[in-house]
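Fit chain B to the given chain A structure using the hints.
2 protein chains.
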Amino acid sequence: MRLYTTPASPWVRRVVVSILELGLRDRFEFVPTRWPHDWATRTVAHGGSFAADTPVQRIPALVTPDVTLVESHAICDFINAELGGYRLLAREGAARWRGLADISIANAVIEAQILRRAELLRTADRSADFIAKMRERQLRCLAALEPRVGGFGPAFDLAQITTAVACGYQDWRYPEDDWRTGAPALAAWYDRVAGRPSMTATRPAETPQS
Amino acid sequence: MRLYTTPASPWVRRVVVSILELGLRDRFEFVPTRWPHDWATRTVAHGGSFAADTPVQRIPALVTPDVTLVESHAICDFINAELGGYRLLAREGAARWRGLADISIANAVIEAQILRRAELLRTADRSADFIAKMRERQLRCLAALEPRVGGFGPAFDLAQITTAVACGYQDWRYPEDDWRTGAPALAAWYDRVAGRPSMTATRPAETPQS
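Same order as they appear, the protein sequences are chains A and B.
The opening position of the first sequence corresponds to residue 41 in my numbering, with each subsequent residue numbered one higher.
The opening position of the second sequence corresponds to residue 41 in my numbering, with each subsequent residue numbered one higher.
Isolated chain A, as found in the complex:
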């Protein structure tokens, strides 16, 4: 199976940490992609198999012999169910919905982080208001995750993975937000899980532009 990646994307990281936590690294070929900074406002021309494999032309994208999945929600669902024996998220019932409740908030953090990043990459038409709105959403949702940390179980599951990736991206791109002050229990939890091999192996780094 072919997974298109970048080292900067939290959506990619969420998938890769899932793969590493499940011990499935040897099942995947990771294919790095390159993104000039004008990706924020222009369609990037991709060569090779990427353009043919995914009409969305975003990462992550997973190509299996039978199917191509072009968003991290679907990819994580596939990896958890088809390859992971539901070890990262329960197949059904209350445990699944509790996990998805956490995940849906953590996803909202990541989405705001990426939209803000794209706005910051604009060389024209950059909206300070939009950036402020995204920062407010990030901090509001991180604060909402704060009381949920106490409910996290012993397993580093998809809810915890997604939350940890959101925290890690926040530290990397937006240290000036000082998110830890508004979510100290979350920060303490994150500092513990950030040392896991799956997390240290996937520390964010700038994506090659060319």
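Quick caveat, the hints were computed from the structure, so don't treat them as lab data.
Some chain B residues close to chain A (C-beta under 7 Å, calculated; not the full set):
#1 ARG82
#2 THR108
#3 TRP137
#4 ALA184
C-beta: ideal position from N, C-alpha, C; glycine also.
Same frame as chain A, now just chain B:
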């Protein structure tokens, strides 16, 4: 269960059509929300239960006695599995991944539609390049759905619902794109399903601003 809605949102429509197709309307209280146009660049102050119920402060949001889900992916998963007996998407296996492959492309269309809408609502700092990028993604992904229509089964399932909602929003907000020319089989399919009661009951309309 309480579902926060607007009549304009394709993410809401996807959830409501799922509810109607499953015959579950009487299980939900639909709570309309209001959005002044500056939602595109400012955090909207919401009163009532909405702000307390969801830290993301976006629609759709579903509040059940046990859990709150704040994105349509999780909400559709919950409705399909917990209330719908997996009639909209298979629980597991190849049928689930084929469905999610279609869904992940249709979701990308909707996401681009909404990001473009938010950009068009800006009264300053509006990027023509960003708008063009989103239009290109919409049309590229709709064209990618074109050959997939032949694989649609007899049931109006979540893949078809999501695809139809994307087509409906495209007609409503972006008729100038003329998407039908690049996807004639998709358009013919959409014109058939657009007459279903679940679709006619949820035709998009402007969201009240106040």
